[in-house]
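Student: Keeping their order, the protein sequence lines are chains A and B. Taking the working numbering, the leading residue of the first sequence gets 148, the next gets one more, and so forth. Taking the working numbering, the leading residue of the second sequence gets 477, the next gets one more, and so forth.
Each hint should be verified, as a subset may be incorrect.
[As the list claims (entries may be wrong)] Here are the computed lysine to any residue pairs in the SDA-like style, where the Cα-Cα straight-line distance is at most 20 Å:
1. A:Lys320 x A:Asp280
2. A:Lys309 x B:Leu545
3. B:Lys537 x A:Trp376
4. A:Lys309 x B:Lys600
5. B:Lys601 x A:Ser367
6. B:Lys600 x A:Gly235
7. A:Lys368 x A:Ile158
8. A:Lys320 x B:Glu543
9. B:Lys627 x B:Gly582
10. B:Lys630 x B:Thr680
11. A:Lys368 x B:Asp542
12. A:Lys320 x B:Gly550
13. A:Lys290 x B:Thr680
It should be emphasised that the hints constitute simulated quantities derived from the structure, not laboratory data.
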Amino acid sequence: MENSFNKIITIERAMENFQDGMTIIFGGFGGIGSPPTIIDGILDKEVKELTLIGNDTGFPHIGIGKIVSEGRAAKIIASHIGSNPVAGQLMTEGKLEVEFSPQGILAERIRAGGVGLGAILSDIGMDNEMVADGKQRVIVEGKEYLVETALKGDVSIIYAKKADPYGNLIYDKSARNTNPLVAMAGNITIAEVEEIVPLGSLEPHEITTPGVFVDYIVPSKGVNWTWAWE
Amino acid sequence: MGLGIDVRNRIAKRAAEEIKNGMVVNLGIGIPSLVPNHLPDHVNVMFHAENGITGMGPSPKKGEEDENLCNAGGFPVTVVAGASYCDSAISFGMIRRGRVDMTILGSLEVSKNGDLANWIVPGKKVPGMGGAMELAQKAKKVIVLMNHVDKHGKPKIVKECSLPLTSARCVDLIITEMGVFVVTNDGLHLKEIFPPYSFQEIKTNTGCSFHW
Numbered sequence: 148m149e150n151s152f153n154k155i156i157t158i159e160r161a162m163e164n165f166q167d168g169m170t171i172i173f174g175g176f177g178g179i180g181s182p183p184t185i186i187d188g189i190l191d192k193e194v195k196e197l198t199l200i201g202n203d204t205g206f207p208h209i210g211i212g213k214i215v216s217e218g219r220a221a222k223i224i225a226s227h228i229g230s231n232p233v234a235g236q237l238m239t240e241g242k243l244e245v246e247f248s249p250q251g252i253l254a255e256r257i258r259a260g261g262v263g264l265g266a267i268l269s270d271i272g273m274d275n276e277m278v279a280d281g282k283q284r285v286i287v288e289g290k291e292y293l294v295e296t297a298l299k300g301d302v303s304i305i306y307a308k309k310a311d312p313y314g315n316l317i318y319d320k321s322a323r324n325t326n327p328l329v330a331m332a333g334n335i336t337i338a339e340v341e342e343i344v345p346l347g348s349l350e351p352h353e354i355t356t357p358g359v360f361v362d363y364i365v366p367s368k369g370v371n372w373t374w375a376w377e
Numbered sequence: 477m478g479l480g481i482d483v484r485n486r487i488a489k490r491a492a493e494e495i496k497n498g499m500v501v502n503l504g505i506g507i508p509s510l511v512p513n514h515l516p517d518h519v520n521v522m523f524h525a526e527n528g529i530t531g532m533g534p535s536p537k538k539g540e541e542d543e544n545l546c547n548a549g550g551f552p553v554t555v556v557a558g559a560s561y562c563d564s565a566i567s568f569g570m571i572r573r574g575r576v577d578m579t580i581l582g583s584l585e586v587s588k589n590g591d592l593a594n595w596i597v598p599g600k601k602v603p604g605m606g607g608a609m610e611l612a613q614k615a616k617k618v619i620v621l622m623n624h625v626d627k628h629g630k631p632k633i634v635k636e637c638s639l640p641l642t643s644a645r646c647v648d649l650i651i652t653e654m655g656v657f658v659v660t661n662d663g664l665h666l667k668e669i670f671p672p673y674s675f676q677e678i679k680t681n682t683g684c685s686f687h688w
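Please model the entire structure based on the sequences and the hints provided.
Tutor: In structure tokens form, the structure reads like this:
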């Protein structure tokens, strides 16, 4: 395969971008649409004290759940950790700091970080202390909102069905979920893809994430976990 | 104590009657997931899943699951003709913008003025709100399907919720195995009583006053 933009790299090269203490934003929802090869690479590299930002903590052995279960994260910003009991246990033991954000607001905060905005204004959960505590309030045209700050990361890790060598991406069905948003929010974005196709073979109108947001492309070794429903 | 499948299906069937042709409907887990089985064929509805599906269909046959096509609970689904996928920001945009006509969900408690408490049991692990706050706050109609009492026999329909609220004053309709309540500005109205229960049994098992 041509590599005319030098974006296609091995998983080993991709791992040079990961260090202790960094912030990683990950795509996926319940593990679906999370990048299995990159997640395994992070586990193998034994980086720790990570801050993770993403929809949920997956299941104990699915998606980002594996990194959480092995105690590699110091903090996670997510909407839900219920499907991963290990995450709840670590939180209770004080070994994992958890910031909860309502699901769609979390998505918009990541999107805001990805499109160069400082924050969004939201009226979700204003009377709920877990959501509203410590957040600035503003009144716009007579209506009160919470200021929900934008989220960015050192590295974004995402999963897509197809990429061309420029990093233009197409996602598969509901595995799209948070990936197009996460793709924009990292200082470096690494896309794990099922298939790399030649430049020009993707129809420009079917591309969901333009390659400008994608720094590196890693071929996927495929999903290596057993799904929760199996 | 859970309800038997017959009772769960009766609740789901009653909820299905609320769905009108052309609606966009989001279903929670538990009894709400049974609702599609009770929809008449002539009702065209787009089921919305907050992970980015509009037009969700039934579960696939065993062996035909697609690992990239799942509902918000992580379980494999199918899609119907006319379905679309979107990212999570757009999916919740539909909810906040008022394009989701109805959400049907379970609850731990509902108060007489429609406060919903369905996300934290104190002393248990905190799972996070997921998309529940946005759905409760912004779906045009919120229907709660639940057991009338909890596993200790205590009423789940109460004067004031003792559990942390998901969202205040958001519930429009409550359907239990005993009957149907409508929530209005002046409180609860019992609209239907399901056999074999009596008015007196409902009164005894409901933690607040209501109109009848």
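Student: For a quick check of understanding: which of the numbered hints are violated here, in increasing order?
Tutor: Hints 1, 4, 5 and 13 contradicted; others consistent.
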